[in-house]
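Residues per chain, in single letters:
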Amino acid sequence: MSSEGGIPVPLHMHSCYSPLWGVRSPGALVERAMALGYDTLALTERNGLYGLYFFLNEAARASIHVVCGAEVHKNEDRALCWIRNAVGYRNLCHLLSELHCNPDATLPQLLTRYRDGLVLASDVPRVLGALARDGREDLYVEVSPGHAMHRALASARARNLPPLATVRAVGLDAADLAVHRVLRAVAGKTTVFHLGEGETAPGGDLLVGPSRLAAYFPHCPDAVANTRRVAAVCRWQGPGEDSVFPAYRGMTPEQAWRELQCRARDGVARRYGTTTGSVATRLERELTLIREKGFASYFLVVADIVGRSQRTCGRGSAAASLVAYALGITHVDPIRHNLFFERFLSPGRVDPPDIDVDFPWDERDRVLDDVFRVYGPQRVAMVANQVGFKWRGALREVARAYAVPEDEIRRIEGVLRHTPALGSWADSDGLRGIQATPMLAAPWPEILAVATQLSDHLRHLSVHCGGVVIAPSDVRDHAPVQVAAKGVPVIQWEKEQAEAAGLVKIDLLGNRSLAVIRDTLAAVAQHTGNAIDYAAWDPLADSATCDLVRRGATMGCFYVESPATRLLLQRMWGEQRYPGDREKDLFEHLVMASSIIRPAANRFIREFVARMRGAPWHSLHPLLCPVLDETYGIAIYQEQITQVAMALAGFSVDQGEELRKVLTKKHKARRLADLAGDFADGARVRGVPSAVVDEVWQQVLSFSGYSFCKPHSASYALVSLKCAYLKVHHPAEFLAAVLSNRGGYYQPFAYVSEARRLGLAVLPPCVNHSGVAYRGRGRELRVGLLEVRGLSSEGARRVVAEREAHGPYPDLSSFLQRTGLGPADVRMLARTGALDGLEKPSSRSRIVKMADVLSAGKDAQNKCMTLFEDQAPKEPFFAPSLSPEHLRRLEWETLGFPVTFHPLDPWREPIRNLSRRGPSLVAGRDLHDHVGRRVRTVGWWITGKVVETRRKEPMEFVTFEDTTASYETTLFPDVYQRVRRQLSPLRPYLLHGKVEAEFGVSTLTVERMDFLDRHSSLP
Amino acid sequence: MNQDRGIARDILHVHVPAFAVAVARMGDSSLRQRPVAVALPGGRSVLLAVSPEARQEGVYRGMGSAWAQRCCPGLRIVSPEPEATARVGQALADVAGRHTPLWESPRPGHIFLDLNGSGRLLGPPRDVAARVEKELARQLSLPGSVGVGGNKLVARVASHFLVDGGVCDVLRGTEQGFLEPLPLDLLPGLGEVRRRVLEDWGVVHIGELAGLPRSHLVAVFGAFGATLQVRAQGEDWEPVFPAAAQPGVEEGEALPRDSADPEELVFYLRRLTERACFRLRAADQVAGSVVVRVRYADGRTAHRTGRLAPRTSWDHEVLPVVQGLFIAAFARRVRVRGLGVGLFRLSGRALQLDLFRSPPRERRHEALCQAVDNLRRRYGFDAVAWGAVSQPRET
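Chains A and B, in that order, are what the protein sequence lines are.
Counting the first sequence from 1 gives a position; the numbering used here is that position plus 21.
Counting the second sequence from 1 gives a position; the numbering used here is that position plus 1.
If you're looking for bench data, these hints aren't it; they were derived computationally from the structure.
Please note that the accuracy of each hint is not assured.
As the list claims (entries may be wrong) - Some chain B residues flagged as far from chain A (calculated, every beta-carbon gap over 12 Å):
(1) Arg33
(2) Trp68
(3) Glu84
(4) Glu105
(5) Ser106
(6) Ala131
(7) Phe242
(8) Pro248
(9) Ala298
(10) Gln324
(11) Ser348
(12) Ala384
What the hints assert, rightly or not - Computed cross-link-like contacts, EDC-like style, restricted to lysine to aspartate or glutamate with a CA-CA straight-line distance of at most 20 Å:
(13) A:Lys507 with A:Asp383
(14) A:Lys210 with B:Asp262
(15) A:Lys895 with B:Glu209
(16) A:Lys966 with A:Glu1028
(17) A:Lys966 with A:Glu989
(18) A:Lys605 with A:Glu651
Ideal placement from N, C-alpha and C gives every residue a C-beta, glycine not left out.
All chains should be built: construct the whole structure from the sequences, respecting the hints.
Listed below in structure tokens is the structure:
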């Protein structure tokens, strides 16, 4: 560092991680500071350290010296804090935490309490006075042009405190100020026209060069010189390398490791019976590595948390670990399924490992509560999500800040949707192209220009869905903590920065299918008396289960129920038999199937199926054989990226891992280009032809976005198979659990149809037979009261509880008496038909009328005490019966979908008439008999998935069903463009198209689509 | 107004179906003979009026506009035009006023005419109805139907009973027979929710409603249940209320371009205030309340009302109030398309001036105002303007 009087230091800088205040990314700030000739740069976000580690990273890359700190403000008070040392960092974390969590604390109080290790500056007299009384060391008066500089200087002289020059930069140039004003308008939910004077930074708050900075202060050069003095004492350049994690039950690392070793060996013995050589070797290798890295406590803590729940599913890369398997954290045998351990832990890997565990979704909150209780609320916090602007959100928010009405925003969004250059927001040529669109009158070009700059900006924090960090003593020693809207404590960083801060994250996630399995097993035990031993349960041994998976009849089965996966499974094992199909290992192939379905891999899927079904293929290069032969020479799993890079280009494990990680990141272009170079160079050295390198690199790139690692997919495949087993052997109980737990891939209606196709009788809700949840038993599926729209959950609970306590309801008045339900609840139950059995004659209209009149009468009685006992109307209840159509409508309206009939049932007659004229009308079940022909089908919309073609045109895969089967259709862009606005789950369709088959699986390529009710009307 | 039971009354109800749509079609012929609905812009707005063609497609009033568009891709949704609607509504009222002084327009597109005792002057009510219908079609090219009955209820049901215009005269004494076979939704005041409750009881026609045990209706719908039944039996004693007059001075303007710039908006606001005050002074009146209306670019409106105390007609006293109201009214993050200023609670100017008010400076201001008024009266309003009111710059 140069001597005093050298280059000044810009000490007050905001990046885009100052929520809705700063404009530029930390990288841009560092770059500009270097260009301007600074050797030291500070970052002071508002009330937080939101972007601290991104800044440290950028600074380290540019080798510029940093001063870290924060600008704290509360009400009228504000001050700047810079971190001198580790104590200061700790204190600043505590200060910020309290600023966010304690509404009563005043800023002067907090600053005096936590000023150790910090350098402070302020220009608010009240704050300065309080701090000066407490001590004058490391205290400055902030003097900035445009911020009442003369008053601050006078204040400094009066209190005899040193002045400190800053520019309070929110950005780098004048255009940034416009962005800043928009951000302030977004923050205040107002427009840039309404913004008052104090709400934005004044015009001069920009980063300027050193000489310009000095020139701002000709009358007090010491203020400028003092910036160097502050920078000189603030030596903190980031935390150490160590991971922050609590010791398990107060053990030393060595003790913890011994404990782990002991438990792991026990676990291996339990899992494998006898320990074979390969298992023992692997166990020792893992244990040694865990000891070296000091992660023993981590494993033990996670095992402890997992042990609190009966059914969990360790997922992610941790499933590759034998130790995790032995401890019961994961349930897939990593040896048998050849899982790549280095994906989880490797000697060179600096970041801590990451164990993700799924819990049944309704138990997860309890598990989190447990963690908070066991480790103490001080030591636990959740990881944050830093919520920013997606392009559409950015466009909307900026337009609102410019007072553009909503419909105009929507219209312009429509215009922009068809602009090809949309993907290249940051690209200024692309932007100019869009701005020149004739439909974009003022102020849209300006709005677009601002919106393009709002990608990284932090708007607010939300809670990461399951990430928990645990600290040895207090999380606030390591990270600022604030309270999220949900009420839980959350650190200011998302997982990347949390990792950089050394915090070890455990992901505790909710999973609905675990609850489905739990509920199904409970129902089966109750109905049949035979309980399935969960630990010893091997669904793979059951041929009917395997058959179901091979048929792709997996609707309702976790992870493999989407139409795309089901089609893939059918193609892999479809009706057309190939030699050796049966011998193919089902589990391995199921894992491959669930992993290959990812955004960028479409063109590899067909090749994969072809090879699996016997098409000849050869490895792209002999070096790849050991890595890719397992998956027919196609990279399917994430970790194969690492392995390919190691095998083909001679990358180390850690380089390979970096390549894998970079691919999943958002801002990867620069780093990826470097790695591509390394990859090509490495491969060339090993004599790999460049054509092969290109081909392999294309495969590597197909892992952009999301992709799966084999351990993760294998863990999930196990859950899928358990679901499949339950579906084969206990379909009623299983589908009841699927429907009750919600959150499947499909709408409830699709599962009800599936139940019908499986031969189950679907029964409507009934107050004497339904539970709150769906109930399945034998060949019957009874709809639960939870499905009755508008029925309060308390009402549903009361109906069931009262019946279980005192027996079934004999008639309507006893039902009203005993449950005490309000008219609103009774009205819905009556209309659904849930009260039908209570009165004779039981016409729906009569029941509805009685229920309405009697419950309203009761309600009035409850509200005002009357002299006369019973004021219920005495007139007899006559009611004309309702038309079948009316009854169908009632059911549809009150349940949201029809239960006792298929929506196409009323159309039987019109469909029959239709089949007498025109091209052949084919049932969904018979499509495969018409391969290659043009046909018509009748369909009810089930689900759809919009994708983009390689030419960026939207198209959709739609699942339809008729009364015989559900079938898949493809709407190519030209057709999709015409009909997309007509697709809805409310009307029957008449589809015209061509049946096409691939690997024996037929789908319908739609050429024309009409509403069935346009062609013919209901009788 | 005759409220005695025994005497037959003659009431006409003139109905222009989907009035807002009819108004929009007057201005844009491309909207004719196709599904059209009127709604405020924005996907979450609801349809305010639906053309018969749209209703046939399953679109109904109160439906979400985004959903309606999805269900009926051919539907054209247009924004409401309050000015045009008011103008056509006024023309409709003029037609009614030519036949009777006692008419009531409960909402746009509906007018009741009380023809009691005018038989000898105008002829039978049915003839009047035919004349009115003809005038609507010829003079305003509005489709309309006219119902004639012994009370407002029957007249109204009769006019709604006709789908494609025409005159429907319900003979006195046959009201119940007329109503019995009609579907429930023709009964005024029933409402969507109650109608569906009744339909679920199997009640589909007005006659069935008339025959229900009253206790059942009262238990479920409260006292209104009894009223409903009386209506279903064709009885209604409500008189035709004449339109109440509320005198006031209103000035409104559509801006040359949408703007959210407060400076620019205040410029127009000043001009409107000056105009309103000018008219007020010309009538020798003072106002006790002022209303500022803001119409946003998306068709929504907002207004704020304030008091003027003491009552006044001077620009410099009204303006600060108007500006304050404007700041309160302009609360949304949307550009403004039109502004309005209205002065109400008028009274004659007090001749006796306050002893302690009007210091010389104010008196000078008032004298200046009067001088400007004189100029404006002679040479037109725009002949002279305040120096502070400069035209906003064009960007």
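Hints not upheld, ascending by number: 2 and 9
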